[in-house]
Amino acid sequence: MLDLTWLLIAVPLASAAFLLLAGRRADAWGHWVGVAASGTAFLVGLGALIQMLGEDAHHREHAVHLFSWIPGGALDLDAGLLVDPLSMTFVMLVTFVGTLIHVYSVAYMEHDPDRRRFFAYLNLFVAAMLLLVLADSYLLLFVGWEGVGLASYLLIGFWNHKPEYATAANKAFIVNRVGDMGLIIAMGLMFTYFGALDFEGVFAAADGASTAQLTAIGLMLLVAACGKSAQFPLQSWLGDAMAGPTPVSALIHAATMVTAGVYLIVRSAPIYAGAPAAQTTVAAIGAFTLILGAVIGMAKDDIKKALAASTMSQIGYMMLAAGLGPVGYAFAIFHLVTHGFFKAGMFLGAGSVMHGMNDQVDMRRFGALRTAMVTTWVTFGLGWLAILGVPPFSGFWSKDKIIEAAFVGEGAQPWILGGAALIGAGLTAFYMSRLFFMTFHGKARWTDDQHPHESPALMTVPMIILAVGSAFLGLFLALGDRFATWLEPVTGHAEHHEPVLPIPVIMIATLLLVALGVWVAWRKYGAADVPETAPAASLATIAARNDMFQDSVNRGVFERPGTHLTRTLVYADAALVDGAVDKTAGGWARTGESVRKTQNGQVRSYALTMLVGLVIVILVVVQGGL
Amino acid sequence: MTFTTPEIAWAPLAPLMIVLGAAAAAILVESFVRAPERRRAVQLLLSLVALLAAAGTAVVQWATLDGAGTVVLADMVTVDRQALAWQVLILVFGVLGTLLFASRTRAGEEAFTPLGSVAPGSTEETLARRKGFQVTEVFPLALFAVGGMMLFTAVTDLIFLFVALEVFSLPLYILVALARRRRFLSHEGALKYFLLGAFSSAILLFGAAFLYGATGTTAYAGISAGIATAAGVDPLILAGAVMVIVGLLFKIGAVPFHSWTPDAYQGAPTPVTAFMGAATKAAATAALLRVVYEAFYGLEWELSWLIWIVAIASMLLGTVVALVQTDLKRMLAYSSVAHAGFILVAFAGFPDGALSALPFYLASYGLATMGAFAVISQVREKAEDGAVLGEATRLGQWAGLGRRSPLLAGAMALFLLSFAGIPLTAGFIGKFVAFAAAVSEGAWPLVLIAVIASAAAAFFYVRLIVLMFLTDVPEGQEDAVEIEFSPYARIVVLVTAALVILLGIVPGPVLSAFENAGVLLLGAAG
Amino acid sequence: MVNPVLFWIIAAITVIPAFSLLFARKAVHVAMSIVLVMVGLAAAYITLGAPFLGMVQIVVYTGAVMMLFLFVLMLVGVDQREDLKETIKGQRWIGLFTAAGLGAFLVSVVGRVTVAVSDTPVQGDPDVVAVLLFEKYVLVIEVLGFLLITAAVGALVLTHTPRLKPRRTQLEVQRDRVLAGADPVNKPMPGVYARHNALDVPALDPEGQPIDHSVSRVLKIRNQTQEGVEFRAALEDPSRKEGDR
Amino acid sequence: MDPINFVILASILFAIGAAAVLLRRNAIIAFMGVELMLNAANLALVAFSRMHGEIDGQIMAFFVLVVAAAEVVVGLAIIIAVFRARQTISLDEPAELKG
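Chains as they are written, first to last, in our numbering: chain A, 294 to 919; chain B, 2 to 527; chain C, 302 to 546; chain D, -9 to 89.
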């Protein structure tokens, strides 16, 4: 089965091509071809996994040679796949969650005339994502990297009848381009320093490379990861990307593509091993983003945007873990897998809610949906418990470990990183509970034309499966350190280090903060009424509206600093990052306009340009050359 | 003086002779086949057969090449693998270009004016159109241009270089002036192209004269030897070398010698733009490679200034100005200026790798260019009364094309992605090998700029893709654009799209073929 | 070595007329000046040991190329004057400055180098040139043939207008004339036989009616016609004979 | 007198020809400027030919002559075509292609 891993990429790709070319006559059944392709990929992956499990732990790394890609010259590069526990983990996540989301989409996109095209893009995404994780060289990884970007771009802009969606697609593309530049430059550096781009060659050469070289490469890889994984300062596109259909948000912008940055960092472990500064930067970026994402999550009323902010924050956890080195790699990937399940499940739940609520996304218009949509409520609830890190649900096993690992180290670092991770847990509990209570509890705040109803089985079954995964996968994989052992051939064996605080203290602190967050959210959004319009910006008004002196804990701990921080950060996010993008684009355009004027249509001016050019270069060369 | 019959190795010149011979024969066809329709058919057949036969011969020569190659007649022409590779490339562009030349709309209109000599809009023009006149001379003219370009890639003597330059330029000047629609623009483009072309070739010639004065020869090998040994003539050599290179940079379309590009690209009939864009750049790059590696290799340090300045200026200006273009042909013209910069990046430090990287780069660039203009030739404006007009080149007119014609729009998107250097397209591999060559000589600051420029360039390519796929047809404009169906143009789109993908996924065989081409018979580079 | 006097004469008759390119208003004057430059260059070639090339220069440049220029000038209007006022801002001064700079730089480059002058000058007589042309440079000659074909074809494509309508015979021309209501033969001449031969008197048709259009339009506009007053009167009143007057 | 002076003369003529292209609106005069540039190159070739004591330079000048003649034919044909369409040979007039 391992020799057939190329099928993982080929089958969805062929299906995508078929669906795109088949034309209208395939409209009636084309989506099932897409589901079948994804399912086939899952079965192939499962076969490979079973075979791999049967092997000795140290022989689980397989190189599958495909063909000679760029022969000869300065760089001799083959196209090949690297099948090892790390890539297998991703293969299983992508194909399993992917297939479920394919099934879900069959019902979710039922009334869309372009459903066939949608499935073609989904298949294209699966193929590209699998290529990304299976590639055995940075260059081939880059091919998949651009491929997922393209598929994501096409899917965000899928509903192109709304202009702002096209803008969102554009923005995603542009911000991702910045990240891509990082990867390209990193490859250029590897090529310059090591003369190789395949993992084997680069990692072998990394042993003897200088710290400065590795730091430069590591930082550039981090830029790439930030772009793809929506980490600070390249996070702004993820919220806008929610313009795409919800299954897309679930698959691409929660479970798989956005975690590619984490994969890139973990895959490049040998580079970071020689570049502690770059590694610390990764952790710092992760810690900052996890707080930033959580704060943004508290301010959003759009259910999908709140979930997107949560994704950003959770990936911050993963980046934080990946930045801790071998201690954290396994937990980064572990959290990535569990997050893939519960976040995908919650997005599907959000989709189900929107499906039943005429595509309403404003949580202030929800409320009390638990009665109308029981399955959605239960499955979403399991995801909620999982992300909160309530034992024994999945998130507990992965996130707690990251918090513990963050407290490992010397000096101020463990306190800062660990503190951030700890506070992040509390914030997560608050905004996720806020989301959960606003949607499913409290009073109904629907408009009159909304008749919430449960979604069809094609949608609920994938949600149920993901909910079960959210609940128990973590426990299953954490027992006996199964997952860490499985990844050990790739991530290396981590020496056990004691955190600066005793483990039980950390665990109890975490759980207390989580409980506090839930309680505050319940008081504000579960038990109390939620205004149907967002409170105005002024702090005093907010305070007045929310019964100023009733809930001093709420106001003191969360609201005041929270609101300030939230508004500042959200504003900074909009003004700085978007502003930077706009300003840069505007600056380029202005430059273009002024340069364009020199092309004035007068052939004599053109001749003058040429002659001036000639005089300049001839002067430079002749005078400079002597 | 006694005259001894020169020994000429004719065999290596066979592809060239086939093309030029066919061109001469085609001129006879012009005189003897009177009926326009039949003449057109004969010309098309003759052109295609000649080009394919020449390509076949070149491939056979490649396979049976004796040693590194042949020097024909005292250093005048060198036929080595490098030359053969470029010649095959130009012949491929020639075949695709000929197909585009022959493509017609449903209403039976070709891209060329029925009669070049009558004033636009005159009654004579209408009459000529009604009588079914056709300028079938475009086929032999294209053959002459192809022949000149093939020669351009193989000459190893500055005077012959100048002659070959004119042999392929003159037909192009004429072809640019022959558009069927917007003839004022066509004339304007031709006039500008001609005047600036003549200007630049005079500069090249003056440079050649200086080099002759400094080294006593115009043969590349002699100049190379002269550079190594001559004393006291350095300024003359440098000035001459710069002027020769400037003449070639004009043809490549590098800043500041690029001004003709947008105007000629926009004014020319679209098939001519396609052919010119792809083939001229390839031929000029080939000639630049040869003259730099065989004659000026010893001037690497001095000339690096020139290469760096021009490369950076081209990449930045091409990208920045393309961002604000509203006409599609002009946008692609500025993108070609940026690509001229990327081409020059591979010259930085004169790496050996450039000899094999640039043929691939130009193959990927040329195929995408051909394909893109072939697509443009299929999207037409439509008048109120339903008559199909010229190409719809305003960007806004392409809004929603993805819905009207998914395959054409998809192909266009593919070509644009290839220009942008997105993986899985030929353009990605092309950029990769070209930049890798420059990096191998340590020119990484230049490569860094190139990477940033190509990332910025992605904006305007993507803008068109967004327009085609993510934007709806504007209200009331539903009937303003007509999708034409010309079988020949569709064939070109199909073939180029397939090749762009193929070269993007499995570039191996072609890359290794060009790898073999990366050895010059007379290379000073060694 | 070259005779300095000859050099200065050649320099004078090349550079001074060449400036007409920049400052002469009439294109014809420019063309004639360039003819002089070409002759000067021919003299330079002969001085430099290239008599054949010098002759060819005169034949080709002054005899053919410049005549072609003059021909085209005639075609587009020979007395076109050009206003030398510059319309593009800065073009004139930047242009002049750049060109002068280039010239000065090239001169300085040439002045900086020393190229050994051969003591054994070779005369470029026709037999010497011919042998080299057809031995070493034979390929270039052959390729130039294609260049000339291109030029000829190009000129034809852009300027030659074939007959667009079939040539009309005299018969057809006449038939169309008559069908259009024109006079079958000639327009009648003014004046009346034996009575008046003045241009201001209309001719009479067989019925004695005056034919108005036989009198020049110009006279009518000037009101200098007789308009056949007396003949009209005779027609209106048949009793009054012409002879009665 | 050293024949190199003829090369200096050629450089001056080259610059004058180039200036004509920049300054003259009349297409035919601008084109004559280009012709002068080519002739300047010829003069340099012949002068260098004399200095090197061989006639290769003259042969090259001969080729340039032929090429220039062909170029003149095509150039004037284009100018006539433009004149027929616009009734002017001013280079400033056709300026619709820009930006």
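Check before you lean on any hint, since a few could be wrong.
[As the list claims (entries may be wrong)] A short, non-exhaustive set of chain D residues, derived as facing chain C with CB atoms under 7 Å: (1) I(-2); (2) L3; (3) I19; (4) L33; (5) A51; (6) V63; (7) A75; (8) A85.
[Stated by the list, open to error] Derived DMTMM-like pairs (lysine to aspartate or glutamate); straight-line CA-CA distance at most 25 Å: (9) B:K330 - D:D(-8); (10) A:K890 - D:E44; (11) C:K466 - B:E483; (12) C:K488 - C:E528; (13) B:K132 - C:E528; (14) C:K437 - B:E483; (15) D:K88 - A:D742; (16) B:K330 - B:E125; (17) C:K327 - D:E83; (18) D:K88 - B:E382; (19) C:K488 - C:D501; (20) A:K890 - D:D(-8); (21) B:K132 - C:D477; (22) B:K383 - D:E44; (23) C:K386 - D:E83.
These aren't lab readings, by the way, just hints derived from the structure by calculation. All values reported here derive from a predicted model rather than from experimental measurement. We put the beta carbon where it would ideally sit given N, CA and C, even for glycine.
Hint by hint, here is what the structure shows:
no.	hint	result
1	I(-2)	holds, 5 Å
2	L3	holds, 6 Å
3	I19	holds, 5 Å
4	L33	holds, 6 Å
5	A51	holds, 6 Å
6	V63	holds, 4 Å
7	A75	violated, 11 Å
8	A85	violated, 10 Å
9	B:K330 - D:D(-8)	violated, 53 Å
10	A:K890 - D:E44	violated, 50 Å
11	C:K466 - B:E483	violated, 34 Å
12	C:K488 - C:E528	holds, 17 Å
13	B:K132 - C:E528	violated, 50 Å
14	C:K437 - B:E483	violated, 56 Å
15	D:K88 - A:D742	violated, 56 Å
16	B:K330 - B:E125	violated, 29 Å
17	C:K327 - D:E83	holds, 18 Å
18	D:K88 - B:E382	holds, 21 Å
19	C:K488 - C:D501	holds, 15 Å
20	A:K890 - D:D(-8)	violated, 48 Å
21	B:K132 - C:D477	holds, 23 Å
22	B:K383 - D:E44	violated, 64 Å
23	C:K386 - D:E83	holds, 15 Å
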